[in-house]
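Assemble the complex: chain A is given as a structure, and chain B must be docked to it using the hints.
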Amino acid sequence: MTDPLMLTGVSLALFVIVGAIAVASSILVVSMRNPVHSALFLLLTFLCVAILFVSMGAEFVGAVQVLVYAGGIMVLFLFVVMLINVKALPKEKVFTATSMMGVLMGVLLFIILAIILASGTWAPAVNAPENLRTAVVVKTTPVVDAGGATIQTETVTRDVVGNAEAVGMALYRDYLVPFEVASLFLLVAMVGAIVIGKRELDASEEEAIPEFIAKKVSDEDRLKEVTGA
Amino acid sequence: MSATLPVVASLFGSIPEPMVQWVVWPTIKFVIAFAIIMGIVAFTTLVERRVLGFMQARLGPNRVGPQGILQFVADPIKLLLKEDIVPAGAQKAAYFIAPMLPIIPAFLVFCLIPFGPPPTFAITDVNVGLLLILALTSTGVYGIILGGWASNNKFSLLGGLRSAAQMVSYEVPFGLSIVGVLMLSGSLSLVEIVHRQELGVWNVLPQLVGCFIFLVAMTAEVNRAPFDLPEAESELVAGFHTEYSGMKFAFFFLAEYASMLVNACLIVILFFGGWTLAIAGKGLTTETMQTMGWLGLSLGFLIFAAKVAFFMILYIWFRGTFPRYRFDQLMELGWKWMIPLALVNIVVTGIVILLVRNGGA
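Taken in order, these protein sequences are the chains called A and B. Under the numbering used here, read the first sequence as residues 244 to 472, first letter to last. Under the numbering used here, read the second sequence as residues 710 to 1070, first letter to last.
Excised from the complex, chain A in its bound form (with noise of 0.2 Å):
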């Protein structure tokens, strides 16, 4: 689809405005003192990265980007800080010698990027929309003469409908290999994770879990118990 409105100048002033407030609320993400504060600007700066995504036409991405970012990852963060309650972090000299380097880093960071993007001599993206599948295989049938020998094969194709259906091509078919290992990768650091994070309780610990959640009282013997049946 083209650009429904047809105008640039709308396209362009959202991406100037909304690209600020990314910008201005990732800022405020480190400077925050407050972690709930700061979790809340983390959550806006992603729905900005998602308004964006859309308005370059890639809807799907940016709405899982909304969908697994803002209403997966940002709950749990917010969870997590909330339930071990943090207080707001004291106030801190910010100009420091450290912090210095850090501006300094940054600076030229954005000095390279800026010369390189500029020069244009960068490969061209993989996935560039012209290199994306705009074509799938239905099905390919042989055609064969009188005598069962293979002339040719017919194949029947029909176009990638939307942006969701390309993803998944990319995704599915031309990576399929990054792709699984990609998630074996993840699935080792979630095992990981669970691993380093569990410890054994202590037996006092132990014994502070009630019964029927440790399950070693059935809900029927429980149930018993209670009505004195």
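If you're looking for bench data, these hints aren't it; they were derived computationally from the structure. By construction, the Cβ of each residue, glycine as well, lies at the ideal position given by its N, Cα and C atoms. Incorrect hints may have been included.
Residues of chain A clear of chain B, computed beta-carbon distances all greater than 12 Å [what the hints assert, rightly or not]: (1) SER426; (2) ILE437; (3) GLU443; (4) LEU444.
Here are the simulated SDA-like pairs of lysine to any residue, each with C-alpha atoms no more than 25 Å apart in a straight line [stated by the list, open to error]: (5) LYS1045(B) - ILE354(A); (6) LYS1045(B) - LEU430(A); (7) LYS738(B) - PHE819(B); (8) LYS1045(B) - VAL1057(B); (9) LYS1045(B) - VAL279(A); (10) LYS1045(B) - ALA340(A); (11) LYS801(B) - LEU430(A).
Relative to the frame of chain A, chain B by itself:
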């Protein structure tokens, strides 16, 4: 669209055509839909109290107007006039923003839901519509968490935390239960999903398991009984909205009922044929409605409304029937039963689709 209503369309003569098609018409439709939805949401509160009264062999509100029918007007007036109390230790900014957060996605989602035969009753038809709906509804939880945290009250905080855990847990089966439907219809567009059903059968038949999981998950997502742990009144006073009064409380309330309506619309569209009454292309299909003109289109809308009304009553029925789950039971049900069941459903659906296609080809 502009061809069907030339008189109204001529009013927009000076505005460029794409603006009319992409901005003006959707806005008008959304404003109308918004007004109707606000009315429905308010009316649902009355229906809920009357139906619950009937189920529990008592009267329910019957004083304001004939049979208490004006109660849904009296309640908002009462809430608007109530004193607005802010707890002393509250986090001011977060406390004020929290009630607004859940209401925005809850009403925004209605932009994406077709209420009847398109294009008249569908505000937009986005090709990733369903995914956007899931994304928007998943952000509704922030108001509850933030409200619970900002109130500076331990019951509120506990309610907010319970809600966060519950909604994150049940979002997974909620999303997974839909995958079977998507595999059958091969599209994320809600209009297309309904179209596939009128040509075949309602998805509830091939996707009975998916439909069941969706029904459970959608009840848990809006924190309704038997999954109303975030506001369990016997344990947490009123949970996350303990410290909220007046219109701020009403905003939480509105968002909950709007989300109920969204989920009822979704289950009708995904599993019960949307606005159509047709099997294998015979009966009241979208096409027959469109050829019948305005009468047919209204008929489609009424069929849709009747189906949605059934699921709204079902929510109330659940509340009148089931006792509340314990928190560990709730998590166990979600993670140990719903998610594995949904995954098995996806695998089985995929195998069956492959077998049917290869057998048929």
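Against the structure, the hints:
The beta carbon of SER426(A) sits about 15 Å from the closest Cβ of chain B, which is more than 12 Å, so the claim that it is off the interface holds. Against the 12 Å criterion, ILE437(A) stays outside the reach of chain B, whose nearest CB is about 14 Å from its own CB. At roughly 21 Å from the closest C-beta of chain B, the C-beta of GLU443(A) stays outside 12 Å, upholding its exclusion from the interface. No Cβ of chain B approaches the Cβ of LEU444(A) within 12 Å, the least distance being about 17 Å, so the stated non-interface status holds.
Of the supplied pair hints, the one linking LYS1045(B) and ILE354(A) is violated, its CA atoms being roughly 52 Å apart against a limit of 25 Å. Proximity of LYS1045(B) to LEU430(A) is assessed by CA-CA distance (about 19 Å); at most 25 Å being required, the pair is judged to hold. For a cut-off of 25 Å, the pair hint linking LYS738(B) to PHE819(B) stands: about 10 Å separates their Cα positions. The hinted pair formed by LYS1045(B) and VAL1057(B) meets the criterion: a straight-line CA distance of about 19 Å does not exceed 25 Å.
For the proposed pair LYS1045(B) and VAL279(A), the alpha carbon gap of about 31 Å is over 25 Å, so the pair is violated. Restraint check for LYS1045(B) and ALA340(A): the C-alpha separation of about 52 Å exceeds 25 Å, so the hint is violated. This hinted pair does not check out: LYS801(B) and LEU430(A) have alpha carbons roughly 41 Å apart, beyond 25 Å.
Taken one by one, the earlier hints fail for this structure at numbers 5, 9, 10 and 11, listed in ascending order.
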